[in-house]
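Top line first, the protein sequences correspond to chains A and B.
Quick note: the first sequence uses the working numbering, first residue 5, plus one each step.
Quick note: the second sequence uses the working numbering, first residue 501, plus one each step.
Think of the hints as simulated: they come from the structure by calculation, not from any bench.
Straight line, CA to CA, 20 Å or less: simulated SDA-like cross-link-like pairs of lysine to any residue:
{"hint": "1", "chain 1": "B", "residue 1": "Lys-604", "chain 2": "B", "residue 2": "Leu-749"}
{"hint": "2", "chain 1": "B", "residue 1": "Lys-664", "chain 2": "B", "residue 2": "Ser-654"}
{"hint": "3", "chain 1": "B", "residue 1": "Lys-664", "chain 2": "A", "residue 2": "Ile-244"}
{"hint": "4", "chain 1": "B", "residue 1": "Lys-664", "chain 2": "A", "residue 2": "Gly-250"}
{"hint": "5", "chain 1": "B", "residue 1": "Lys-604", "chain 2": "B", "residue 2": "Leu-800"}
{"hint": "6", "chain 1": "B", "residue 1": "Lys-604", "chain 2": "B", "residue 2": "Gln-593"}
{"hint": "7", "chain 1": "B", "residue 1": "Lys-664", "chain 2": "A", "residue 2": "Gly-246"}
{"hint": "8", "chain 1": "B", "residue 1": "Lys-723", "chain 2": "B", "residue 2": "Pro-737"}
{"hint": "9", "chain 1": "B", "residue 1": "Lys-664", "chain 2": "A", "residue 2": "Gly-245"}
{"hint": "10", "chain 1": "B", "residue 1": "Lys-553", "chain 2": "B", "residue 2": "Arg-568"}
{"hint": "11", "chain 1": "B", "residue 1": "Lys-604", "chain 2": "B", "residue 2": "Ala-748"}
{"hint": "12", "chain 1": "B", "residue 1": "Lys-664", "chain 2": "A", "residue 2": "Phe-249"}
{"hint": "13", "chain 1": "B", "residue 1": "Lys-723", "chain 2": "B", "residue 2": "Asp-713"}
{"hint": "14", "chain 1": "B", "residue 1": "Lys-604", "chain 2": "B", "residue 2": "Leu-795"}
{"hint": "15", "chain 1": "B", "residue 1": "Lys-664", "chain 2": "A", "residue 2": "Pro-248"}
{"hint": "16", "chain 1": "B", "residue 1": "Lys-553", "chain 2": "B", "residue 2": "Ala-565"}
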Amino acid sequence: MASLASGLAMGGYRINWVGALCLLIIVGWASVAVFAPWIAPHGVGDVVDSDYFGPMTREMPLGSDYLGRDMLSRILHGARYTVGVSLAAVVLACGTGVTLGMAAAVSGGWFDAALSRFLDALNSIPSKLFGLVVVAAVGSTIPVLILTLAVIYVPGSYRFARALAVNVNAMDFISVARLRGERLPYLIGAEILPNILGPVFADVGLRFVFVVLLLSGLSFLGLGVQPPNADWGALVRENIGGLPFGAPAVMAPSVAIASLTIAINLLIDNLPRKIRDRDA
Amino acid sequence: MQRSIASLLTARLLVALLTLVIVSFVVFAATSILPGDVAEVLLGQAATPEAVKGLRTAMHLDDPALVRFGRWLFGLASGDLGVSYANRMPIAQLIGGRLLNSLKLAGVTALFAVPVALTLGITAAMWRGTWYDRVVSVLTIGVISVPEFMVATSAVLLFAVHLKWLPALSIARDVQGLGEMLRVYAMPVMTLAFVISAQMIRMTRAAVVEALDTPYAEMATLKGASRTRVVLRHALPNALGPIVNAVALSLSYLLGGVIIVETIFNYPGVAKLMVDAVATRDLPLIQTCAMIFCLVYLILITTADIIALLSNPRLR
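The following block holds chain A by itself, in its conformation from the complex (with noise of 0.2 Å):
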């Protein structure tokens, strides 16, 4: 215990007991994400109860929803979609931001200014709306998820990066390289990007967090996931009926989504200064 107290050792970087507690449970939902189907106690389809929206039992410790179905079970479930389809988006969101805003602040000119001023405008529809209007033309399937949620976090990310960037950019060392005759790519690749890791990936757990929430208020609103498959939005969904008998059906996979967030956010909070700040 006292080891925990410290801290924990973490390839050379030391994190508090709160960054440990939340690095547990993202791992542990991150695991059962992968292995839902073989720790669920029953079928995800499997209707186990004869009553719906049973209360806390051994059987069920967390009830069953609205067709007497194992609210644990499709809670275990639901974190393969909330985990997966944000995990997806997150990652090529990030990737295509990064990348165009190194690409961006190295270039300069017309290039920064155009793609700085459309990602701009993009950024001032909100995030809700551009889900909602995407919906609406496209359907929603898993791939159009992604994507519609990838899109909508590209122009924050690539701000991030490209102020980042800009600071590295001013440097003697990227000067050289561009006296050597190096390519764009060389450049952002092995100049710009080892410089801006640490803070690049503090800002793409910030963004995991903003995609898990807009994609559970996208299912919540019956335009995310659709059935017969749920994720944790949809799952609250689909269970509101029972709000007025108090069923922890329908809290339940709100607690889910809030650990998730809160772990992550709260491992952010707590990071060594040294991988989370922009000018270390």
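Position chain B relative to chain A; hints supplied.
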């Protein structure tokens, strides 16, 4: 000096206008990805190819996309919002009353949330590092990290199900008297206020903390001014710009929150209208609602920018 401020403001407004054009293009493009669909959707499955072709011509669907975009934008600008696909009503008529409802909800929320959030943010900065500050910080992180519908369902669970103080649904039509109105508005307003206050508290606290870390604030403390006086007389006037900026930015979160809150409480506002329109794929109605939301959002963030610009000489 005055000239340069005027030209900066003009530049900022021009940027906002340009942004609006780009945004409207994105909204139009997103809803026009499937151009053939509209006529077929309208006529149903039994439509003959000739009928579909006729309707397409009548609706000018075969024109180049850029021409249709220009015509649509020009119509919007001149007040012609078009006709709903679903029930053939003019969109202006559908939106009118509901827009007023949404604005009422947003207004009441702002009136209630802004003073509370500012007080909490400023006092948290004043007593930085105390248990009070820590509780406020952890609570705001908590609220920011959970989805809006969780705040709403928790409120319903607590006040309508367990305590039975308030009705779970809000129906603004048959409201009689002030007491009734308060009961109906309480839960949506409370949920929205929670969602926007969290951001506002964080940003206000950060602004005041920054102003308190300056040499002149330290000087005021050293010459013996009380903490209240240092905060109110020395730090706050300099943090005012960032704080007003924070308020305008936080109010833009109302837009996202309002979509969830109107849906969950069945509140007859524009956001509910739009979510319903998405379910029926009523594209003209969706486009118009989307433009209203984008316009309000753009006005709010432009205002925030302009206030930041005016209040901070270093940005000029």
